[in-house]
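Spelled out from the first residue to the last, the chains are:
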Amino acid sequence: MLRQRKLQPYAFIAPFLIVFLIFNIYPIFLTFYFSLTNYSGMGGIDNATFIGLDNYRRLITDGYFYKSILNTIIIWVGGFAVQLLIALGLALVFSDIQLKLKGLGFFRTLFYLPNIVTVASVSILFSLILDWNYGSLNQLLMQIGILNQPINWLNNPAYAQGSVSVINTWMWFGQTFIILYAGIAGIDNDLLEASFIDGANWWQRFRYITLPQIKPIMLYVMITSLIGGLQMFELPQLLTDGTGSPQGSLRTIVLYLYNQSFLYNNFGYGSTIAYGLFFITVIFSIIIFKTMYADQVKEGERR
Amino acid sequence: MKYLKNGFKLASIASLSLLLGACGEDKPDLTIMSFTDELQRPIDKFEELHDVNVELQIIPNESYRETLQPILESGEGAPDVFTGEIVFMQQWLDANYWEDLSSDPYNVDEWSDDYVDYVWDLGKDSDGNVRAVSWQVTPGGIYYRRSIAEEVLGTDDPKEVGDMMSTMEGLMDVGAKMSEAGYALFPDEGSISKFTSAFGANEEPWFDEETMELNMNEQRLSYFDYAKELRDNQYSALAPAWSPAWYQSFDGPIPYNLGWDELEDAEGESTIEVFGVALPTWALDAVFKQEASENAGDWAVTNGPTSYFEGGTWLGVYEGSENKDLAFEFVKMMTHDEEFLTEWVDETGDVLSYSPVTDKVKEDISDDFLGGQNHYEFFLDEADTIDASTVTPYDQQLNDLFGTQVGLYVDGEITKEEGIQAFYDEVNNSFPEIITPDN
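Read top to bottom, the protein sequences are chains A and B. Here the UniProt record's numbering is used: the first residue of the first sequence is 1, the next is one more, and so on. Here the UniProt record's numbering is used: the first residue of the second sequence is 1, the next is one more, and so on.
Quick caveat, the hints were computed from the structure, so don't treat them as lab data. Incorrect hints may appear among the rest.
As the list claims (entries may be wrong) - Computed cross-link-like contacts, SDA-like style, restricted to lysine to any residue with a CA-CA straight-line distance of at most 25 Å: (1) B/K289 / A/I124; (2) B/K45 / B/H336; (3) B/K416 / A/Q149; (4) B/K416 / A/N155; (5) B/K416 / A/G63; (6) B/K416 / A/Q247; (7) A/K67 / B/S430; (8) B/K228 / A/L147; (9) B/K124 / A/I45; (10) B/K416 / A/I151; (11) A/K67 / B/I434.
Hey, can you work out the whole structure from these sequences and the hints?
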């Protein structure tokens, strides 16, 4: 009787489990099998040759793969740093109990708006703005005399990566702002009042109260942004018609994976890249969890 | 125990019904998948003719291949008839997604004399069996403005203008004359690639399908130099293909920013008008008539230094279709039905590949948009000179990789040598089986 009852809960999670097994676990193993073959994505997997670890051998010596990791990280770091600074600055201003800014609801909506626009529309919008000869950015910069000659933003590696970082910042700072603001608003007022009484200045309050208090939130923002960043695909794909040009500087890991799998018919190798990405994600996750865990140990020691 | 069993049953039924929820609708007699809606009218006619229910599923061009290929690969939810584009078609032909139409009961080999050679040949898999047929030809030419030709070249006659541009040197001479008169030859440098490396333009294939050796011949390499020449001599208007400025350049003068320093004398504003552009048959409707019709009647079309083609839609019967007879009937109507295709020409102006119809109509066609020119005969003549054997399965991908490097070179980001090396590296990475000259 007891044994039966123990089984019952499984019946209830079965719907989820079955769907999860079919749509998540099975593809993961299938992808691994593909990665051991030279499957082209066409003509059936049965006609593909099993080539063992050849794809993995190729992957660890593949300069394009490392370049794609580097590109992804550069674009992510650039975007994330700026976005965090802007969002944190705005969150501080809006949550300052001395400033008492009005219209939070309005600004919150305004900041969040870019995030609602689909990536496809954003890419069209920015390809028009960034257009070399007819884009409004170059026109503007030349009108006010900053530039003498138009810059071909999307045909120079550094500018192109910078542009994508800026677009990402524009799209995501509202989201980050909302989360950080919630974190700051959640700080116990007693702490702040105590700091006023002790005569702490703005910087001291920020450094010793706000920042430590929102650290878990910052970590959350960082992890979610990192996961999103590692999977960056649509924007570089749409901005460059899938080429990842100039000089491969917008070829992110997932774009590389996609092109190898679908454009160049190296489905087996594409699967290997997917596992490479998986491995990178694992490494980053370990680093992040270690950092979290290290903090907990320290806190425990203090007590 | 019973309780538990029921629990399991319930749960599995619940999850199964979740999975199967979408099924169970009325199945049409025939499902057709394509990337445009142009098949809708033929389908309406076909439904009427055979009293059947046909469903057209349109998958946007950008994701057509990526969406359809897994479906064809697994067979789940596959159509009965589907179209393919030249960009990936040869790969599909050899993946056996389409039924072999050379075999019984179709025996389409009997039709071969009725079609333009290159179109017919491109529908064959590597064993020479026909798997897909196309109703149209899509060769290209140079569309140009008659008034500008008259002013600068002294004639607007397509034949005479075509003679002037029948070699690369001649084309560049025309560019120089245009430049002197204040016009740009082409909107962008990409136009020149149509005559160096586009589909069917080069005398030799990109690579040898036996030895897999990449063939970087002089004609392809010349794209670097001609593109640079176009940019440096300001024969192009810096309006990249398919950009808003590019469309605008067909309607009238567009702003031109190169050398901003010099323009300060000209009070910061300068414009340039474009003489012509290299585009295929379908651009007449899709680009000019629909998007840039300001100068209707002032256009004409003529030849460039080489013949080439761009795009084109083939269709065939899905190898796993359960209704192959009916599916083939549709393919037949679309590609081999004199009455239907004659109507189709009247309605769409499409340049057909099926000679029983084109022979009949080609002499009487004239297009007001092109100043009354008979573009039909011109395009059919161009199509006849195209040799399908120079087309490889990866032409589009190789041209894209190559064009990217040329673009960087023209912008001064890299040297020509760096561009060529980068191209070889990209090819080695994308197509490990192709051997590049540097290896």
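Structure-based check of each hint:
1. B/K289 / A/I124: Holds. B/K289 to A/I124 sits at ~24 Å (cutoff 25 Å).
2. B/K45 / B/H336: The hint holds at about 15 Å.
3. B/K416 / A/Q149: holds (23 Å)
4. B/K416 / A/N155: Holds. B/K416 to A/N155 sits at ~16 Å (cutoff 25 Å).
5. B/K416 / A/G63: holds (22 Å)
6. B/K416 / A/Q247: Distance of about 13 Å is within 25 Å: holds.
7. A/K67 / B/S430: Cα-Cα ~15 Å, so holds.
8. B/K228 / A/L147: holds (24 Å)
9. B/K124 / A/I45: Roughly 23 Å separates the two Cα atoms, so the pair holds.
10. B/K416 / A/I151: holds (21 Å)
11. A/K67 / B/I434: Within the cut-off at roughly 22 Å; holds.
In summary, the structure agrees with every hint in the numbered list given earlier.
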